[in-house]
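Letter by letter, the chains look like this.
Protein chains: 2
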Amino acid sequence: MYPNLLMKRASLTPDRVALRFNEQEWSFANLAEEAIDFAEKLHTKGIKKGMRLAILASSNPKLVVVLHGCMQLGCELVMLNERLSEEELNYQLADSAPNYLLVDDHTKRNLAFSDKYSFDEIENAERSFLDLEKEWPKERTITIMYTSGTTGRPKGVRQSLENHVMNATGSALNLGIHPNDCWLCTMPLFHISGFSILMRSVYYGMAINLHTKFDAEAAIQEIISGTVTRMSAVAVTLERMLTVLESKNLSFPNTFQSVLVGGGPVPLNYLERALERNIPVLQTYGMTETASQTTTLASEDAIRKLGSAGKPLFFADVRIDGDEKVGEICIKGPHVTKGYVGAAETINPLVDGWLHTGDIGYLDEEGYLFVVDRRSDLIISGGENIYPAEVEQALVKHPAVKEAGVAGRQDEKWGQVPVAFVVLKGEASEEALRTFMKEQLANYKQPVDYYFVDQLPRNGSNKLMRRELFNCIKNT
Amino acid sequence: MYPNLLMKRASLTPDRVALRFNEQEWSFANLAEEAIDFAEKLHTKGIKKGMRLAILASSNPKLVVVLHGCMQLGCELVMLNERLSEEELNYQLADSAPNYLLVDDHTKRNLAFSDKYSFDEIENAERSFLDLEKEWPKERTITIMYTSGTTGRPKGVRQSLENHVMNATGSALNLGIHPNDCWLCTMPLFHISGFSILMRSVYYGMAINLHTKFDAEAAIQEIISGTVTRMSAVAVTLERMLTVLESKNLSFPNTFQSVLVGGGPVPLNYLERALERNIPVLQTYGMTETASQTTTLASEDAIRKLGSAGKPLFFADVRIDGDEKVGEICIKGPHVTKGYVGAAETINPLVDGWLHTGDIGYLDEEGYLFVVDRRSDLIISGGENIYPAEVEQALVKHPAVKEAGVAGRQDEKWGQVPVAFVVLKGEASEEALRTFMKEQLANYKQPVDYYFVDQLPRNGSNKLMRRELFNCIKNT
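Taken in order, these protein sequences are the chains called A and B.
Using this note's numbering, the first residue of the first sequence is number 1, and each one after it goes up by one.
Using this note's numbering, the first residue of the second sequence is number 1, and each one after it goes up by one.
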């Protein structure tokens, strides 16, 4: 058992700042009070311990209270990604089968799910007394987040209390804990990158400065004002901050400790520019299945170990599958998911206790991890994962599409962008396909270019060779 | 499972300082190397995984290497207290029945235990290859430390890997972790106060500056030089440092973070003087059974919550038994021992998951713990626990003693000192009793005064009323 995280934190350091948003500020005591209020109102609405609730909302203080309120009640949270299409959201709702859907705004999406409440509807309810649990089982599912696999069908990953707590413990042993720490959160809370900041906050007693979305100017202003000591980013957002800093000839203050950069390696050019601007960059290798970081590279090693994602954190272990130096990255530790919900529930993600990530990499002689290739043909665009198979499956739903192949193209701004290769069986313009795809998939997954080809490259067993797709252009 | 603590630490931060002693310095890589060397030599001597080893030695770097070496081999450590009499040591050896006794020096004690090696005998052996374990079971017994109960018979408390790790985690969430932290260790390593510093060092990657014993001048010199940020003390040693600082008109530097003071409350006078000398004092309530701290008081609350031992750390829970405000202090958490070895092996220290400490206290309305009275009639003298029953049992072994009662008297220097009340059945001088007792018990347990009385105060059921012993003096 672990203590009820928020209640324990509010008891230990009630007056410390938990959350800042624009000019507003919440102490841990304030946050606990509002979370209990929300939990008691959920209770009135018939929502009970052990129920599964899907959440669809923007990152703001109300969402923080809602998430903590649901946790106080003992519910599982299906964290829906706001950027997904209605089609995608409906799939996740059908697959995870929550008891209720909570949305910040009824009007914004048209979802095929009837048991839903807006945050306001809950807040307007009466409170009914709730006997708060002082302890929570380690195995309790806190969050469910969807992530696609190589098959292209998104799977709902269970993140237990132990996953979150042990990830935060490993991170603390690496980064340290300081009472004045404050983490700037510009990552969405429905992503593990954002949600893990929420967990670290209550566990460490650390303030969060919350932004609804990433804005380079606003982030820099916040950091230069001196309250923020840490932040999370991806290579693209780091680069945007560098551009702003360079244009204004500004640097980060010495009070700033580190920016944790996930979602693929950071180019040397960015690292060198970050050094110029006094930004300690910690590159990390993490994923939904590991409740965020597994390995993290110290900033002092950033240049010496260029391209590395660092060493496994204290409770994490990494090995490379197979007999070759380069192979599939496998992860073990108390931060690794125990499994999925819905259609994937019967799949055991672990083989002999090890998570097989599908990512390819190696460990150098000092034990530093180098990720050579993200799982299968994964495209990482602005830190978001795009699974080619998922985009391909959406394309072939169009009546005129016979076959489709999707691959990533290097892009200076986004790292990679998806490109589609289509074999038609009927009539369809590029425009028509674009319109169709907008209904199917989130914006960030939309192919930037469409190529109509006669056939797709396949190997002897007819498997699509995505890495050879770009050769089709040269051939046509 | 947890990682092999020292090997994981040496892999993460090989070059960080692990240990300093006089002018010498060990990195974590050095420490790991020496520990493996020692483990492989133990191996050659026939010592195997799972064996129990008793250790009797002074605090110095060799002992640190020995302890880590034994842990690498997977042995349980019975930590013998150097200050005990031969009688007491022999009891602990007989009770814990170790496979071997390791001593730093063969000549210093005459113990009835034949399977023993000196550290030198091990070091002079050849090395034989050892396949180091990458992971250690949480339940593994790391240390066994003897502590007396109300019955006066010392019990060997098992401290598991999880006990140590979770205690260190709770402490980190309270004190913070900083890469420049360095803990001055003047407490003996056979005590949980000292051994827990060793555990925090490898877990956090924190340096220890080790002193063989507490010396106020040396401690102050070390702290003023600026490398040390933390230390552990008891009220008596804090007071000695204050006296030296005052005589030289010195204060602690701002780099110094805190002194953790255990073993009973710190008098207001000391707290005020510490404030004058820039010493942040953190009062704590801990014990062998909880692998050190359970509650710790923040230094900013030291005066406001005078006499309090603070709030339960993150993973710890405290409740007061019974329906009254004041009652027996009960403790729950992953840092609490699962049990004993030897004669007490069958005793379950937990009732419904709670350790009943025997100490009396209350929680105030804000949740701060106040310890009103240490367990039963426990005497705390210079931070050392003295159990009256143990001293009484030693006294009645003398042929001329019919009955004996022991109680603590307030003492300006030591906090408390033991005083003996003796009913004779034959002839014995005070001198004769003193000589006899020196063979039985450690020096710090020796009664400072002896009173010969006609009878001892007993209640209706003939139970000795130790709190009324001092009334005997007035009556005679």
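Please note that a few of the clues may not be correct.
All copies of an identical chain are treated as equivalent in the list; a pair is satisfied when it fits inside any one copy or across any two copies.
Once the Cα atoms are required to be at most 27 Å apart in a straight line, the calculated DSS-like pairs of lysine-lysine come out as [said to hold, decoys possible]:
id, residue 1, residue 2
1, K397, K45
2, K134, K325
3, K338, K138
4, K116, K213
5, K425, K438
6, K116, K45
7, K305, K134
8, K62, K305
9, K402, K325
10, K62, K413
Everything labelled a hint here was simulated from the structure, so no lab data went into it.
Hint check results:
1. Taking the closest pair of Cα atoms, K397 and K45 never come within 27 Å of each other, the shortest separation being 40 Å inside a single copy and 71 Å across copies.
2. Taking the shortest alpha-carbon separations for K134 and K325, only the inter-copy value of 20 Å comes in at or below 27 Å, while the best intra-copy value is 48 Å.
3. In this assembly of identical chains, the alpha carbons of K338 and K138 lie at most 27 Å apart whether taken from the same copy (12 Å) or from different copies (19 Å).
4. Taking the shortest alpha-carbon separations for K116 and K213, only the intra-copy value of 25 Å comes in at or below 27 Å, while the best inter-copy value is 66 Å.
5. For the identical chains of this complex, K425 and K438 are intra-copy neighbours only, at 21 Å inside a copy versus 100 Å across copies, given an alpha-carbon limit of 27 Å.
6. For the homomeric pair K116 and K45, the shortest alpha-carbon distance inside one copy (11 Å) is at most 27 Å, but the shortest distance between copies (70 Å) is not.
7. For the identical chains of this complex, K305 and K134 are inter-copy neighbours only, at 25 Å across copies versus 44 Å inside a copy, given an alpha-carbon limit of 27 Å.
8. Taking the shortest Cα distances, K62 and K305 never come within 27 Å of each other, neither inside one copy (41 Å) nor across copies (35 Å).
9. Taking the shortest Cα distances, K402 and K325 never come within 27 Å of each other, neither inside one copy (39 Å) nor across copies (77 Å).
10. Neither within a single protomer nor between protomers do K62 and K413 lie at most 27 Å apart by alpha-carbon distance, with minima of 32 Å and 56 Å respectively.
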